[in-house]
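**Q** Residue strings, one per chain:
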Amino acid sequence: MKNPYEVLNIKEGASEEEIKKAYIELCKKYHPDKYSNNPLKDLAEEKMREINEAYDYLMENKNNNGYSNKKEYTNDTQLFREIRMDIQGSRLKEAEEKLNSINSRNAEWYFLTGALYQRKGWYDGAYSNFQTAYSMEPSNMEYRRAFELLNTANNNYRQPYGQRGNNDLCQMCTTLYCMDCLCESMGGDFIRCM
Amino acid sequence: MFGYVTPYKMELKIKDYEKIKGYYCGLCKVLKDNYGNIIRISLNYDVVFMAIFLDAFNKDEPQYTKNNCILHPIKKRIFVINNDALNYAASINIALTYYKILDDIKDENSLRGKFLSPILKRYLKKIPAEYQNVENMIADKLNELYAAESKGNSSNLDELSHPFGELTALLLTSYVGKKDNYEKIYNLGYNLGRWIYIIDAFDDLEKDIKENKFNAINSVMNGEKIEDRINFVLTSYGRECAETLDTLPLYKNQDILYNIFTFGLLEKMDRVFLKKKNDKEEKNEKSI
Chain A
7 MKNPYEVLNI KEGASEEEIK KAYIELCKKY HPDKYSNNPL KDLAEEKMRE INEAYDYLME
67 NKNNNGYSNK KEYTNDTQLF REIRMDIQGS RLKEAEEKLN SINSRNAEWY FLTGALYQRK
127 GWYDGAYSNF QTAYSMEPSN MEYRRAFELL NTANNNYRQP YGQRGNNDLC QMCTTLYCMD
187 CLCESMGGDF IRCM
Chain B
22 MFGYVTPYKM ELKIKDYEKI KGYYCGLCKV LKDNYGNIIR ISLNYDVVFM AIFLDAFNKD
82 EPQYTKNNCI LHPIKKRIFV INNDALNYAA SINIALTYYK ILDDIKDENS LRGKFLSPIL
142 KRYLKKIPAE YQNVENMIAD KLNELYAAES KGNSSNLDEL SHPFGELTAL LLTSYVGKKD
202 NYEKIYNLGY NLGRWIYIID AFDDLEKDIK ENKFNAINSV MNGEKIEDRI NFVLTSYGRE
262 CAETLDTLPL YKNQDILYNI FTFGLLEKMD RVFLKKKNDK EEKNEKSI
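Protein chains in written order, with our numbering: chain A, 7 to 200; chain B, 22 to 309.
Hints may be right or wrong, so weigh each one.
To be verified - Derived coverage of chain B by chain A (criterion: at least 3 residues anywhere in the stretch with Cβ under 8 angstroms from a Cβ of chain A; other residues may be distant):
1) 102-111
2) 146-160
3) 176-189
4) 247-258
Unchecked claim - If you want the ones that stay clear, here's a sample from chain B, every Cβ over 10 angstroms from chain A, calculated:
5) K34
6) K53
7) A77
8) K87
9) Y167
10) V197
11) G198
12) S240
13) K301
14) K307
What the hints assert, rightly or not - Below, in silico cross-link-like pairs of lysine to any residue (SDA-like), each with a Cα-Cα straight-line distance of 20 angstroms or less:
15) K205/B <-> Q124/A
16) K246/B <-> S134/A
17) K99/A <-> N177/B
18) K126/A <-> F253/B
19) K126/A <-> E204/B
20) K246/B <-> T138/A
21) K53/B <-> L92/B
22) K34/B <-> P166/A
23) K126/A <-> K228/B
24) K205/B <-> A113/A
25) K99/A <-> K30/B
26) K205/B <-> L98/A
27) K30/B <-> R170/A
28) K205/B <-> S96/A
29) K30/B <-> Q169/A
30) K205/B <-> N157/A
31) K27/A <-> E12/A
32) K34/B <-> Y167/A
33) K246/B <-> R125/A
34) K296/B <-> L98/A
35) K205/B <-> G127/A
36) K126/A <-> K53/B
37) K126/A <-> E264/B
38) K30/B <-> Y167/A
39) K34/B <-> G168/A
40) K228/B <-> D125/B
These aren't lab readings, by the way, just hints derived from the structure by calculation.
All figures in this text were calculated on a predicted structure; none of them were measured in a lab.
The beta-carbon is built from N, C-alpha and C at its ideal position, and this holds for glycine as well.
Build the full structure now, drawing on both the sequences and the hints.
**A** Shown next, in the form of structure tokens:
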């Protein structure tokens, strides 16, 4: 990652106000909407990403001593954010390389590996990784949702098979009866004689 | 290894049932007419499915003829004839059978294989020029698969079934060509191939363990309980197939293909799982 102060074009040790001001100005300048029909679109997006990264970093570390060039940059959260964007943008190879480069395997690592596998259609890997992420951090809604969604998708697929041959007359009658009840409770009527 | 991709008969309309039989007999006839009589024993439903699927991208209605068949002497059969998809499927059948037999010879020194392989080799030369690439594709991908199997350091069912998925995808897409739906067809083939590979390995699991043969599932499971995992993976692959099929513009055979992917695959899974359960119960009863 580049030096965030350089990216935002401000002095090192700038105050929070200054950082915010610089950030908003750059956002206006490089906003991708302005480049929607422009060959520079990719460049602008790249720049925007850098700006966001730099701003997020400085905001997160505002109570520390800020960014220093001497300290080697090993912030995994930053890398995780990039991986997320890679997966969303279908740059799966890059995402995989980045994931492999991370040594500390926390819940988020497992979650993102699962997301990568899911994108590839590797469901065995997706399942086990989502499961690990969820069991490491059961309170995290995102992990839990991803894990549950994998299962519900399959339930929906199984439904027609599970219900095959059940379209009998009885079921039709109950459906009609229910519909009538619902209509009546709303003040209308679906079947008059019922 | 084959014969898992079939429709679920009880949900099939009679007209579709007859149509499938027409393709099946049609494929058998192509094999007989273009190659020879012996290869007809290798005919299998997965290849018939391929013909039905690929023919769905062809606008013309299939041509039928009614004829006698030596295997069914009493009743006349309906055949699909003059069909490109069938010709293509036939060459796949030849090449797949040949390479499967080579593998059998290597693995278990099978006598049947030794007898059949020179005959099949002759058949390979009869594959029409436009489909010659099929043979290379199959040889390459199967070699990749065997290499991955013999390495045996994978812990992941996806990784193990990947080469066979790719093979199926290539076989389907190379007929259709690089057109608009290339990626969708590739995806369908990829998932179906992996589905076939996994269910086949799972079905043969006990047998392979007994005979000390390689089995993909045995190599990843390390003695843990694997049924739920297999069930989940197979359902996911099947779901992906069904979802992809939904988005494809098909000119015919829609009902058959819908049946195969929403009922056929799940029924096959049910059957395999039930068989395992019954086997287990039988064993328990014996021990009591």
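**Q** Okay, which hints does this one fail, numbers in order?
**A** 1, 2, 23, 24, 25, 30, 33, 34, 36
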